[in-house]
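Modelling step: build the complete structure from the supplied sequences, incorporating the hints.
If you want the building blocks of each chain, they are given just below.
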Amino acid sequence: MLCVSVLTAGCGTKTTSTSGATAGKPVNVYLLPKQKGIAYFTSCDQGAEQAAKELSDVNLVYDGPTDGAPEEAASLIESWTLKGANVICVSPDDPNVLSPAMIKARQQGVHVLTWDADAPPASREFFVDQATSEQIGDALVDTMAKDIAGTAAPTDATGKVAIVTATLTASNQNEWIKYIEDRLKKYPKLQLVAIKPSNDNQNVAFQVTQDLMKTYPDLKGVFGISSVAFPGAAEAIKQAGKSGQVLVTGLSTPNDMKPYVMGGTVKSVILWNTQDLGYLTVYAAEAVATGKLKPGATTFHAGRLGDLKVDGDKILLGNILVFNKDNINHYNF
Amino acid sequence: MSTEQLDKPIIEQPAKPSKGSALRGILPSRQEIVLLVLLAGLLGLAYALSPNFLTPTAQIGLSTHVWELALIALPMTLIILTAGIDLSVGSTMALSAVTFGLSYQAHLPIGVCALLTLAVGGLAGALNGFFVAYVRVHPLIATLATLAAYRGIAEGLSLGRPVSGFPDSFTQLGQGTLLGFPIPGLIFLVFLVAIGLCVTRLPLGLWLSAIGYNETAARYSGIAVSKIKFWLYTSSGLMAALAALLFVARRNTAKADVGAGMELGVITAVVLGGTSIFGGRGRLFGTVLGVLLIHETREFVSWQWNRDELNLIVIGMLLILSVLADSLLSPKAR
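Listed in order, the protein sequences are those of chains Y and S.
Here the first sequence stands for residues 1 to 333, where the numbers follow this note's numbering.
Here the second sequence stands for residues 334 to 667, where the numbers follow this note's numbering.
Since the hints were made in silico from the structure, they are not lab data.
Positions of the beta carbon are idealized from the N, C-alpha and C atoms, including for glycine.
Don't take each hint at face value.
As the list claims (entries may be wrong) - Using C-beta positions, here's what the derived DEER-type ranges look like:
id, chain 1, residue 1, chain 2, residue 2, range
1, Y, 168, S, 489, 17 to 27 Å
2, S, 642, Y, 25, 45 to 55 Å
3, Y, 240, S, 485, 16 to 26 Å
4, Y, 214, S, 489, 35 to 45 Å
5, S, 370, Y, 26, 31 to 41 Å
6, Y, 325, S, 390, 26 to 36 Å
7, S, 512, Y, 301, 43 to 53 Å
8, Y, 54, S, 642, 21 to 31 Å
9, S, 512, Y, 38, 38 to 48 Å
10, Y, 54, S, 500, 43 to 53 Å
11, Y, 117, S, 481, 48 to 58 Å
12, Y, 301, S, 370, 52 to 62 Å
13, S, 485, Y, 256, 27 to 37 Å
14, Y, 240, S, 656, 55 to 65 Å
Put into structure tokens, the structure is as follows:
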């Protein structure tokens, strides 16, 4: 008796399966940001909307937790799965919380991608990667060399440079540092003298940069490679009255660094193109749902972005954007 | 409004249970009829706009989002019935969740972790009970203080770091199903029946109403008011700890922001369900309807319009609606 009811219950739970869209049917794409209502993700959404307009078969829904709570994001994934989503694109704030819901969605036949940040490979088919560590490392060094050299050729850039990082164990930052060191070989006259941790604290980044300027009075440049290290280093240079003498660059959103750029302390801010990231994610979602993009592919054509490289299960955007005095006011995020 | 409590006849209430103590009535009260009509309207609208929403698979899947709220609403109904309130339930959940996470990190057996969690939740509730029942601090103030304090302790203990990676045997508690029905839902049904029997078959229900109508009179008529209140708040803390365990199991994460804003949803559900915020009147059936209405409204709004920001607006409007209904429909308030 019990066996029978267990069996029937088992059948009952297996009924919904939303398979990939067939020709002519619209593809329901759900785009989940870490947090809805913040400028960074809103600008990603603008690109996503543009892609949805170009691809006539896409129904795009952009929603996410306004308070950034990953539990709420997991609830949304569950609702969308029940609702018949074809593709769910997740920027996971906490992969531990989100991957169970993502795996459950995949079991129900929904395609799941990650974008902006990744989750364990079992929980998604592809990761839309905004920039590889190599691209970030290269862009940081190339930008620094160009800023130091000024009107001269970048390869003639001369002087001591230092890195202010997050913590000495931060995996993203350590990857970047590896590629920064590699890229510096292209610029023989630039000498890396120190790598200092800021322990994810802007005040520490400020102090560390002050100390660096004391230890190396002829310091030419600082890489601030975390979201707090960059403004902390910039503030120290500004207060020391060394704006323009000691150059600082790093990864940040334009709004956070606008005052330093307009004030002359920071010449260049590096970030990927967020609109292109949203645009690419929607193109990838449509291609996965319609079978145009399959595991094992090595390139992928994404509308105006042209042919992009697919490295294993990572779709590479690699569209590094450099903000400076001339263009930073065009960006609002 | 404040004079309302004084006007109420106390002695007759137990004598005419069908009218006075709505806990015992079999027929739905006026507010419950309104709720049933609203619920029918909502589900009708859902059927017209998006029939998929009403399939058993969708409803059972979505129900996993509500069981913690539903569980905490049970003791909350009894507390509000005594003209009290427990604002600290969300923070107690956080403190319990963090206790669970830290004890799991300390490699204690999972059963011991769960017992510790329940103990901490019970203690947190007992502290509320002590202040309300014996120190006679107004429950609004006492639990507002612990709302802040428990959340603060949870943040301090965990340093904001989440703990995850619990074994499947534990996460099944929150994610698993039994005969196709979510396990947390079955736990809720057990508690609903048990507490329902306690308040309808034992004199407890009448005592709670009596305390809510007029506490002084209840004391003089020999009801152990302080003792009852103390245990009510303690059970509320215990239930918050149980809800925290279910939440941690469901989401595989234990951290200090678990249960943020939970008190808002729970109190809205109870008051919407017809339990008077001034005490004395209310019953569990109404609370179940209130929880159901809030849950279905929230889920349907999110399902249909994909706007997370609407969530809080919906709760706020339901809370206002419930208070309006309370003052318009209550015959005593006229």
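To see whether the hints hold, each was checked on the structure:
Roughly 26 Å separates the CB atoms of residue 168(Y) and residue 489(S), a value that falls within the hinted 17 to 27 Å. For the hinted restraint 45 to 55 Å between residue 642(S) and residue 25(Y), the CB-CB distance of approximately 30 Å leaves it violated. Distance hint for residue 240(Y) and residue 485(S): a CB-CB separation of about 38 Å, inconsistent with the stated range 16 to 26 Å. Restraint check, residue 214(Y) to residue 489(S): a C-beta distance of roughly 36 Å satisfies the suggested window 35 to 45 Å.
In this structure, residue 370(S) and residue 26(Y) meet the distance hint of 31 to 41 Å, their C-beta atoms being roughly 36 Å apart. At roughly 56 Å, the beta carbons of residue 325(Y) and residue 390(S) sit outside the given window of 26 to 36 Å. Distance hint check: the CB atoms of residue 512(S) and residue 301(Y) are about 49 Å apart, consistent with the given range 43 to 53 Å. In this structure, residue 54(Y) and residue 642(S) meet the distance hint of 21 to 31 Å, their C-beta atoms being roughly 27 Å apart.
For residue 512(S) and residue 38(Y), the Cβ-Cβ distance of about 43 Å falls inside the hinted range of 38 to 48 Å, so the restraint holds. Between residue 54(Y) and residue 500(S) the C-beta distance comes to about 46 Å, which sits within the given range of 43 to 53 Å. Roughly 32 Å separates the CB atoms of residue 117(Y) and residue 481(S), a value that falls outside the hinted 48 to 58 Å. Residue 301(Y) and residue 370(S) have their C-beta atoms about 55 Å apart, which keeps the hinted 52 to 62 Å range intact.
Hint check: residue 485(S) to residue 256(Y), Cβ distance near 29 Å, so the stated range 27 to 37 Å holds. A hinted range of 55 to 65 Å for the beta carbons of residue 240(Y) and residue 656(S) is consistent with their spacing of about 59 Å.
Of the numbered hints stated above, those contradicted by the structure are hints 2, 3, 6, 11, listed in ascending order.
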